[in-house]
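Participant: So you can see what is in the structure, the chains are spelled out below.
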Amino acid sequence: MIHDPPVNIDNPFDLTKASDFSDKQILNYWVDVVEEHGGLSTVLNLRSVMPMLLLGGKGSGKTHLMRYCSAPVQAMRHDNSLNTAIAKEGYLGVYVSADGLNVGRFAGKGQSPETWSAIFGFYFELWLALNLLSVLVLKMKLNAVPFDELALVKEACNLFDIPPTGLTSVISLYDFLESKLRDVDTIVNNSAVTRNISGIEVIFSPGKLCFGLPPLIEKYESDFVGVIFVYLIDEIENLTLEQQKFVNSLIRYRKGNSTIRVGARLYGIKTYETIGSGEPIKLAAEYDRVELDGFLRGNEKEYSKLAVELVAKRLNVASSRVLDIKSVSSFFDAINPARYYNDLTSSLIISSDNAAKERPYFERLKGHLLDVFGLQSEAKVDAIIDRLRCNEYPLVEKLNILQLYKGWGGPKEIIERASRIEEDAVRAVAGEKTSKEYSQTYDHFDSDLLAQLFRDYGRKVPYAGLDTLVHLSQGVPRNLLGVLKQIYRRALFAGEKPFAGGTISLQSQTEGVMDSAAWFWDDAQPDSYGAEVRDAVERLAVLFRTVRYSDKPSECDLCTFSVDESKISTKAKVTLERAQNWSYLLKLRDGSKNKNSQNVDSKYQLSPMLAPKWGLSVHRRGTIEIRSELANSIFDETLSGAFDSLMRVRVAAMSAPNFSAKISADQQVLF
Amino acid sequence: MMDLTYLVDAKTLFISDEDRWDYFFSALNDSERVRHTFNKVQSENKYWVVIPEYQYDPADLPRDANVLRTESFNEADQIIETIGSILSAVDRAARICIDITGFMRPQILFILKYLEVSEFLFFDMIYTEPRNYSRKGETEFTLSDVTEVRQVSGFEGSHNLDMSKEMPKDVLFIGVGYDSNLMARVALDKDRARQLQLHSLPSLSADMYQESLIRLDRAGLPNNSGDDQIFFSSASDPYLTASALSSAHSRIFRTEPISNLYLSPLATKPQALGFGLFYLKELIGTPSSIIFPFSTKYSRETSEGVGRTWRYPICLS
Amino acid sequence: MEFEFSEANTAVADMLKKRITILNERAWEHKLNSDGINRWLENFTGKSGLPVETERLHALYLLSQFLYFGSREVRVLLKAVYTDLFLAPLVQLVRNNLNGTRDLSDINDELAKEIAVTRFLGVGNPSESGVHLLYYFRQENGLSKNQFADNAQLITRNPDTGERVLRNPEIKRYVFVDDVCGSGSTAVAYSEEFLRELQQLGTDIEIYYYCLFANSEGMEVVRKESAFGVNCGAVYEFDESYKSLDGASRFFKSIPAGIKIDYARAVAITYGSLLWPNHPLGYKNGQMLLGFTHNTPDNTLPIIWMGTDLNPTAPWIPAFKRYHKV
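Residue numbers (the numbering used here), protein chains in the order written: chain U, 1411 to 2081; chain H, 986 to 1302; chain C, 2 to 327.
A portion of the hints provided could be inaccurate.
Short derived list, chain U residues pointing at chain C, Cβ under 8 Å [said to hold, decoys possible]:
(1) S1632
(2) G1636
(3) G1868
(4) R1899
(5) R1900
(6) F1903
(7) G1905
(8) D1925
A few chain H residues that don't get close to chain U, going by computed Cβ distances all over 12 Å [stated by the list, open to error]:
(9) R1020
(10) S1028
(11) R1048
(12) D1049
(13) A1172
(14) R1236
(15) I1237
(16) R1285
Rather than coming from a laboratory, the hints here were simulated on the basis of the structure. Just so it is clear, CB atoms sit at the ideal spot from N, CA and C, and this is done for glycine as well.
Please put together the full structure from these sequences, using the hints given.
Facilitator: Below, the structure is given as structure tokens:
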């Protein structure tokens, strides 16, 4: 019997619509975030006419922020009254996205780049002006104020080289501009076949229209007195280098009561040059620059709230039932850290214990000890190991071993150290206070030890708990959806009835997180250097992993590194930039002062979305400083042959039994 | 009654002794099915078109046939410089045949447009299937990453430019294929659009449909059954594809107006041809365009043996 | 999944599990889950001589290659039977009869006439799945009930002469719709029993056989030995590469490390022989890995579908159950 599927168990987190965030939701979310930061006027400086570049990676919130400033959303904030909005806020936002221009067609087809440049500039400005007028029309609809429309339109016509005749209303001017745009569309599109762009006439000088109209509007429509007209031009990474020059020219030649906020991906700006012989536009003098990436990431509280809302919406919860973070959390099993993660670790060791085999980490330690004591001293070595045993608490055993490695030396030192560790361990298990060194080591390295323990038993490192999942997504709702989608699928398959009466197991969460790391890794990027960037990030991750799973890791929860960018090769720098552009690496604000050079090093974290792929920590604590030679071997493809040996040297000090004496050559930053 | 607009023509098996043309064009690549067909076809004039995506050296080119070469990477330039250079002076009633097997999908689309604008309204296109569709796991056909996603020349449409209104209701309609990377790139490019999918079912071979679902998942695209987002059409028939697109289109329009429509045929070449036929018939002058993820390098050989050759009679009037 | 693979096989097992998880969600209508798979894997206990874990890994591999067509997909294929196999060629026929006209209204009129003298039927008796499909075939294609006939009603007796005559002599085309054509024997048997006579009684009558899935060999048999002759076709024809365990099998063209076709074969034959001694790899050595929403055909490997209700002597838990055409 062909039946339609029994129940609709479509994955509620599948990435279906972009309209997950309608204007209303954007509004609600950003109200909180933006207020936290002193309001929009502080963030985007909207009362200033100084143009600004707004840069952010995928999901940095840049587009939402810009939309938040757009006229329709302004009106929404003030009970659908645009004039109240502009009176209170002091600006009028005209939002456009370069993506909608489909600029790929302004190229080739038998025309020269110079020709296309001129056509593009003309088209672009017509387009801006059209959208400006559209907003004006919106204002006239929402809050009509009587004004001399005819006079406004007449003066507007004078902005053209040859004033068009017969236009008497704003709408007719709008229609006129639209018809001009359509004419260009038709000719440009046909030129693929005709190889001919004759018929396109540039009817005004660059800048005349987009900077000329706002003062006229202010002059005739009193509500606009003192208001700044802001062109919010988003996604200009879609423009070619030549086309971006035009936008830069607009920035340079901006005047009057209008300004520009340009949105682009972090490394989406291809040039700062302008059209003609122009010098590049100057930072601070001609434009400001704001990098948004840390923005959402830094707002964990608001983001958590949004995350819960998103989950609730996806689960179609009736609005009367308010889901708070606690109840959403309860759907997910969490890792219990109590008593040295005993819940988690006890099931781990059962299988090997049943087989009456030695625990793997003790096997390894034995080998290292025999190295120091000599192969004949098995009894002595066993005695030392017995001191470190703590059967019910494998994590304590791991801690003990780490402590031993930290105090490694000759036989006498080791025996003495083992005995002190034994005392500490006994106290620890009894819940009493231990030596400072012992407890500090545990505080720092608990998650690394846990990861190592899982690895020792051939299991995947667990990643679980709602706060971990939210943290993984790094302030990007799309990432969160990606993670939840994979987890839901795994949980459903495992029969756990996710969100339908059951809780989601640690295993399903971990598997889902690993799946989403793979997805994030493979996720499409808008440029073509895939292999290079991935290889570089892979090398970096391998370095981190080697440290984390070494006998004596130099840093805890290692997923962050610092580097003096002035000292690395150009190719390395470019790859580093790309990795950031893709959000594989996150640049951190607090770069540290390099001990030797006194420069401020740049600091980067491996994206928590990717970290699970290599069993790394998703929370950052320790940082490793990477010198230029090693950095080049990681990020510069042409120098990557040296990576393996350089890495081994770098981690030599962390490997038993020698813990290579060559420590002095490498700076190690602990926290 | 079913709308037969696109079914007036149908594919037929190509029989080399029966069909004859005045002009025949084929894109050179290393696959047996392209070379074999070139030899079998009977035509007054036959031309190899050499496109830069396959990176041929002058030394590799066949010496015993006419060769038209282009170095451009723009599909309009490519076709005009090659096919256009021969056909510009030819009688519009001449019998023309294009073997689409070796051409890239944007080129196939532009050829359609070019012939239409040049008033060659009746012509044939042929396509040869490989003998087996072997599922090669992670095979990618493009050799380099996607360099850009843009509109195909001739299919740019007249998109809505007024963005100051509320969130636009853009729609992206993807012809689901095998290459996860291509699908993901296109979806990324129009990530604010509502995404619809045209699946190849019946697929070229029985296991390909299920495989494409896995590729779809890898591209991060959804596959919810409830949302009226999924449509189906045969993979190997451009007429059925065009017909399916047409009915999908009217259905979508009935439920919600679309501000901008973007189509992207990422499955087979016959499917791409179907997209082209549908576009030329119903979407000219509308805010719709065909977009494609362009790469600069392609593998010259992706399948084995020679399967059936199909002839698609095209009528553009 | 409860069953733990050893370290050497974990990576492959994880990958297979992930593939199955995705397929289950996207293609298999959630028919299986971790529990179901576990219980199925427990069927394999080392009888082939290979280690249990190897058997289970290979069984899992076969499962990960299973082709399942769900309700949505079957409906699409039924539509394809009508549009791709029946209607499109008929349009061309009609055009031909009208001297190649491109006039849509003329074509539509003529087409309507042709369809009016066409009847659709199932193969087999009304309770068999092939006939059952007709209901959905009708729905998907928006056809009226009148377009359908029952086999029993094709021929009747003239009350005066007592001769067997056609009940509806104006009908010139009979189209039979089936789901699977394996060896072709069903279609052949059917045509011998009913259709030879039909053709004798009405020499103009055309009969067609269309199915969703067919083995190439089976289709050849239908072409050569049945009354349908060349008037047959399938939406999907399976060539020899769909015989999952033969040398040309497409399912073993690119395999992960540790998977060997010989092991898979050993597993399938060992257990298959216990489950269905005469056809250990599926009816007439079908070796298929195919199933649909309403049933699993018996050409598919028995290890996939056999259950105790079908064979009480060999206790077995199926992955994709089969309901027998008894």
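Participant: Compare the structure with each hint and give your call.
Facilitator: Against the structure, the hints come out as follows:
1. S1632: Check failed: Cβ of S1632 of chain U comes no nearer than 59 Å to chain C, outside 8 Å.
2. G1636: The hint is violated - G1636 of chain U has no Cβ within 8 Å of chain C, the shortest such distance being about 57 Å.
3. G1868: 5 Å, holds
4. R1899: 5 Å, holds
5. R1900: 6 Å, holds
6. F1903: 5 Å, holds
7. G1905: 5 Å, holds
8. D1925: 7 Å, holds
9. R1020: 30 Å, holds
10. S1028: Nearest chain U Cβ is 24 Å from S1028 of chain H, so the label holds.
11. R1048: Answer for R1048 of chain H: holds, closest chain U Cβ roughly 30 Å.
12. D1049: 32 Å, holds
13. A1172: Answer for A1172 of chain H: violated, closest chain U Cβ roughly 7 Å.
14. R1236: At about 18 Å from chain U, R1236 of chain H clears the 12 Å cut-off, so the statement holds.
15. I1237: Label holds. Min Cβ-Cβ 14 Å, cutoff 12 Å.
16. R1285: Holds, because the least Cβ-Cβ distance between R1285 of chain H and chain U comes to about 20 Å, which exceeds 12 Å.
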